[in-house]
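Keeping their order, the protein sequence lines are chains A and B.
Under numbering that gives the first Met the number 0, the first residue of the first sequence is numbered 0, with each subsequent residue one higher.
Under numbering that gives the first Met the number 0, the first residue of the second sequence is numbered 0, with each subsequent residue one higher.
Rather than coming from a laboratory, the hints here were simulated on the basis of the structure.
Note that CB positions come from ideal geometry on N, CA and C, so glycine has one too.
Hints may contain errors.
What the hints assert, rightly or not - With the Cβ distance kept under 7 Å, some of the chain B side facing chain A (calculated, not the full set): (1) A5; (2) Q92; (3) C115; (4) G148.
Unchecked claim - Covered by chain B, according to a simulated footprint, are these stretches of chain A (three or more residues, beta-carbon under 8 Å): (5) 6-13; (6) 61-69; (7) 89-102; (8) 116-126; (9) 148-158.
To be verified - So the derived label-pair ranges between C-beta atoms look like this: (10) A:E140 / B:A28: 37 to 43 Å; (11) A:A64 / B:A61: 49 to 55 Å; (12) A:A164 / B:G96: 37 to 43 Å; (13) A:S7 / B:A28: 26 to 32 Å.
Protein chains: 2
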Amino acid sequence: MADGLATSVTLSLPEWLIAEISALPDALATPEEQMALVHRLADRNWREGGGGPFAAIVVDSATGALVSVGVNVVLDTGISAGHAEVMALALAQRRLGTWDLGDGRDLTLVVNWRPCVQCYGATLWSGVRRLVVAGEGPELEELTRFDEGPVVDDWAAQFEARGIAVTSDVLRDEALAVYRAYGDSTSTVYNARGTGPVESRP
Amino acid sequence: MADGLATSVTLSLPEWLIAEISALPDALATPEEQMALVHRLADRNWREGGGGPFAAIVVDSATGALVSVGVNVVLDTGISAGHAEVMALALAQRRLGTWDLGDGRDLTLVVNWRPCVQCYGATLWSGVRRLVVAGEGPELEELTRFDEGPVVDDWAAQFEARGIAVTSDVLRDEALAVYRAYGDSTSTVYNARGTGPVESRP
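Taking the hints into account, I'd like the entire structure generated from these sequences.
In structure tokens:
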């Protein structure tokens, strides 16, 4: 009898972020304003110790209305899937009551780098119509030592083929500044396989 | 003020599965026994209407002790990330109290096909040391009309390079029978982008 099995799991934002949610603006009109919030949350997130230097938000593509905020909560929650994109997308779906964020809406996911392979898929299946990233390329892995996993070379075209428009290079230097500060710190780079320092992204 | 934002999300197994958890065996000694359970849960899952025809379990690699069970809960929960692998991995992490299933353990994820691109990444970051799948190839998409997303061609080698051993073709025909029954049914194939019948995997 397998009585001890878990039957549910709850993913919560960290206390520091919950405490400031009521002070966040209702809307962020430009991609730069949106990304500036993402960078600020990402930077605070690793300093608070609950997860890596990653944050994401979902906004209305036309008005910039804030639908959800997420940060990486892997260490806080003990759940390795708790990346910033998964949190932002799931919290948007919970708020709107649908697994399809594209059902009658045009929403945008704003993230501080090209998603890792898990979150690449999470974005594909979420229903968002647009993805805005601060950048792409090897700098994230080089500066932080996180593994992002193997993503197909034509990743942006694969999004576009599925009706998801991609915009890159929004406040890119500011993203790198966050990763550099993280990489220069004494924060552990967590590693789910114990085979070296460059293996996992919490 | 963004007061209406959600701050947590809970992913639960469906009631029918919770009801039978205490009747599941403590351990399943062989890959075939493990996969037979996965197929049974996957088949019941789509018939119950809470998600697609997908299930996954985490077992101890040496003893076959059952650590967690998961099914696709996208429709039940309204969360698009709620795939079977994400559920099984997260519930194993919750039960064991760690985001790293490989920390002092050798655990295996057993799934009824090669994971979609999201769950490919979720598996990478989970700490499992082994992945057992019923099969790989285009049959899943052809029979069910789900999109699995773009996964790199050397997906198994990429797992192996990160210390995750891959075994395929365990009860493959039985997997196809589940997908065929699903595809022949009147179940909707859910679509997060509204661009056709072949776009998303709930």
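Hint-by-hint comparison with the structure:
Of the supplied interface hints, the one on A5 of chain B holds, with its beta-carbon coming within about 4 Å of a beta-carbon of chain A, less than 7 Å. Proximity of Q92 of chain B to chain A holds as hinted, the smallest CB-CB distance being about 5 Å (cut-off 7 Å). A least Cβ separation of about 6 Å between C115 of chain B and chain A falls short of the 7 Å threshold, and the interface hint therefore holds. About 5 Å separates the beta-carbon of G148 of chain B from the nearest beta-carbon of chain A, less than 7 Å, and the hint is met.
For the region 6-13 of chain A, the proposed coverage by chain B is satisfied: 7 residues have a C-beta within less than 8 Å of a C-beta in that chain, meeting the threshold of three. Only when three residues or more bring their CB closer than 8 Å to a CB of chain B does the claim for the region 61-69 of chain A stand; here the count is 4, and the claim holds. With 13 residues bearing a CB less than 8 Å from a CB of chain B, the region 89-102 of chain A meets the requirement of three and the coverage assertion stands. Judged by the Cβ-Cβ criterion of 8 Å, the region 116-126 of chain A is covered by chain B as claimed, because 10 of its residues qualify and three suffice.
By the rule of at least three residues with a Cβ nearer than 8 Å to a Cβ of chain B, the coverage given for the region 148-158 of chain A holds, with 7 such residues. Taken as a hint, the range 37 to 43 Å holds for the pair E140 of chain A and A28 of chain B, whose Cβ atoms sit roughly 40 Å apart. Roughly 52 Å separates the CB atoms of A64 of chain A and A61 of chain B, a value that falls within the hinted 49 to 55 Å. A hinted range of 37 to 43 Å for the beta carbons of A164 of chain A and G96 of chain B is consistent with their spacing of about 41 Å.
Evaluation of the 26 to 32 Å hint for S7 of chain A and A28 of chain B yields a pass: the beta carbon distance comes to about 28 Å.
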